[in-house]
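Protein chains: 4
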Amino acid sequence: LPQSRGKPFFHRIQVRWADCDPARIAYTGHIPALALQAIEAWWEHHTGLDWFRINFDRDVGTPFVHMKLDFRSPVTPRHALECEVVLKRLGSRSVTHIVNGRQNGVLCFEGEFVAVFVDAPTMKPRAPPADILAAIRDLALEA
Amino acid sequence: LPQSRGKPFFHRIQVRWADCDPARIAYTGHIPALALQAIEAWWEHHTGLDWFRINFDRDVGTPFVHMKLDFRSPVTPRHALECEVVLKRLGSRSVTHIVNGRQNGVLCFEGEFVAVFVDAPTMKPRAPPADILAAIRDLALEA
Amino acid sequence: LPQSRGKPFFHRIQVRWADCDPARIAYTGHIPALALQAIEAWWEHHTGLDWFRINFDRDVGTPFVHMKLDFRSPVTPRHALECEVVLKRLGSRSVTHIVNGRQNGVLCFEGEFVAVFVDAPTMKPRAPPADILAAIRDLALEA
Amino acid sequence: LPQSRGKPFFHRIQVRWADCDPARIAYTGHIPALALQAIEAWWEHHTGLDWFRINFDRDVGTPFVHMKLDFRSPVTPRHALECEVVLKRLGSRSVTHIVNGRQNGVLCFEGEFVAVFVDAPTMKPRAPPADILAAIRDLALEA
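Protein sequences, first through last, are from chains A, B, C and D.
Position one of the first sequence corresponds to residue 1 (the numbering used here), numbered consecutively onward.
Position one of the second sequence corresponds to residue 1001 (the numbering used here), numbered consecutively onward.
Position one of the third sequence corresponds to residue 2001 (the numbering used here), numbered consecutively onward.
Position one of the fourth sequence corresponds to residue 3001 (the numbering used here), numbered consecutively onward.
Excised from the complex, chain A in its bound form (with noise of 0.2 Å):
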């Protein structure tokens, strides 16, 4: 089994005043997108790629067909936070990610978020890219 099965990548997102509501805290509503955020800063760092160049520089589109969250602690601009991002599993033809959000050692949100790979002009499914899929197959937490 590779080493590198199951490693977590870290994003931290300072999360600002616009973020939050009149609660003080980061509105529900806005946290799946930082959650998406952090996924996408993954996708940068293992593939040299942003969802702007993978879908118009290589024409291939990961949209999310399932998102599950659990938030456990209010987020606030007080403590950064800190984005940890596994690749659960990856399909022929999807990708799971865990996101774990926490903020000065606090578990603040437990997220699950399943995308399919699929052709992005036609949004047909489709297998990922070689240069893609290596990039990234040895990170899989599950076989």
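Honestly, the hints are just simulated from the structure, not real lab data.
It cannot be assumed that every hint is accurate.
One side of the interface only, derived from the structure: several residues of chain D facing chain A at Cβ under 7 Å [what the hints assert, rightly or not]:
(1) F3010
(2) D3050
(3) P3077
DSSO-like, lysine-lysine: derived pairs with alpha carbons at most 27 Å apart [stated by the list, open to error]:
(4) C:K2007 x C:K2088
(5) A:K88 x B:K1068
(6) D:K3124 x C:K2088
(7) B:K1068 x A:K124
(8) D:K3068 x D:K3007
(9) B:K1007 x A:K68
(10) D:K3068 x D:K3124
(11) C:K2124 x C:K2068
(12) A:K124 x A:K88
(13) D:K3124 x C:K2068
(14) A:K7 x B:K1068
(15) D:K3068 x C:K2068
(16) A:K68 x B:K1124
(17) C:K2007 x D:K3068
(18) C:K2124 x D:K3068
(19) C:K2068 x D:K3088
(20) A:K68 x B:K1088
Some residues of chain A that are not near chain C, with every Cβ distance over 12 Å (derived) [stated by the list, open to error]:
(21) R12
(22) K68
(23) L90
(24) V116
(25) D119
(26) P129
All C-beta atoms in this analysis are idealised placements derived from N, C-alpha and C, irrespective of residue type, glycine included.
On the provided structure of chain A, position chains B, C and D as indicated by the hints.
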């Protein structure tokens, strides 16, 4: 059993250019906020209280502790987004909503959202006030 | 002079908890997007084309080149935000809108927005198509 | 005259897929919030206080009363957005910032933003506290 059990509430959202990403569909990271908007409209319809008023006029908060969404079909500005909101379960201190979004009759997403009742100033769990409970208790799909 | 000259269009927006910041008012950084939503509704009302359709069905884009806003009074969820949109000026390749936002009769913001007509695929300046021009030319406040 | 007069502060923003619209550029309605993020970073750099802390730890608010922006060139995810923030003017109860955004050396937007100092709990105008004034007064471009 009350006849209103599982009664759906419908909330229409006009998806806009601003909601869409370069794939020409509503950005996935924005869709949870659209579903939450439908839940807030459900509260306002049944209790007369939007989230601003329930928090500041009644000192009651309803923070989310869980959400899950399945994305079935892209959301676009071509048709109105019809959100069907159902109160799935009403616990002593929690509330579970289902939100299904459709465009032109096509199911776009299915979501489930769990919130808890808290005392807004302290964020401590509490039971809902009697009048709010009375306004919604006969709507729950599950006993 | 046409009687429709300077005729205002009104667009109502329900400001939500999600739009507000910890100061319990709509976040300033979100207000330009609310004004733009009112301008898009103006386009849809007068031409039948929202920005998605004008771009993809007609290959015409209307990117903004300038905006200015004065914030007169806070925007909150307490009252609907009534946006008054006036076509201030229609140039050969540009269009200037005024958007004034009011809540409960109180002026909250005044804005002015200049956009240009472009060929959407190339982003090159162009004159508006004849039917679009015909639909809006008698509305301009200034000659 | 202080040597720090007009000294620029630079704040880098990574524009993302989520920020872009179907024209494949950052949505105009989002750009003011990006400029405000750069101004908040300026405050944090010079005073150690982000907007959350200045409001809740110091009871000082800085609501905006005016903004204007000229959009010179599209903003995309292809390059980092380098925001140059300059304190243009410091009045007895107001503060004016210039924010110029560039990508790959190309000027994308120029903005000017006026905020006022208020007592955060009451939103009444006030002069800035002495330590905050001391931290920024030598930075103003105009006397």
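**Message:** Would the hint linking D:K3068 and D:K3124 be met if the CA-CA limit is 27 Å?
**Reply:** holds (24 Å)
**Request:** Decide if the proposed pair is consistent with the structure: C:K2124 and D:K3068, CA atoms, cutoff 27 Å inclusive.
**Result:** holds (24 Å)
**Message:** For A:K7 and B:K1068, compute the direct alpha-carbon distance and say whether it is at most 27 Å.
**Reply:** Holds, at about 25 Å.
**Item:** A:D119 remote from chain C - nearest C-beta pair above 12 Å
**Value:** holds (19 Å)
**Message:** Checking one constraint from the list: CA of C:K2007 to CA of C:K2088, max 27 Å. Satisfied?
**Reply:** holds (10 Å)
**Asked** Looking at A:K68 again, its CB stays over 12 Å from all of chain C?
**Response** Consistent with the label, A:K68 stays out of reach of chain C, its closest Cβ about 20 Å off (over 12 Å).
**A:L90 remote from chain C - nearest C-beta pair above 12 Å** = holds (34 Å)
**Interface restraint verdict for D:F3010 against chain A (beta-carbon cut-off 7 Å)** = Nearest chain A Cβ about 16 Å off; hint violated.
**Restraint check for A:K68 with B:K1124, where alpha carbons must lie at most 27 Å apart** = holds (24 Å)
**Asked** Taking 27 Å as the top limit, are the C-alpha atoms of D:K3068 and D:K3007 close enough?
**Response** Holds - the C-alpha atoms of D:K3007 and D:K3068 are around 21 Å apart, at most 27 Å.
**Request:** Quickly compare the C-alpha distance for D:K3124 and C:K2068 to 27 Å and report which way the hint goes.
**Result:** holds (24 Å)
**Message:** B:K1068 and A:K124 were given as a pair; does the straight-line alpha-carbon distance stay at or below 27 Å?
**Reply:** holds (24 Å)
In summary, the structure is inconsistent with hints 1 and 6 from the numbered list given earlier, while agreeing with the others.
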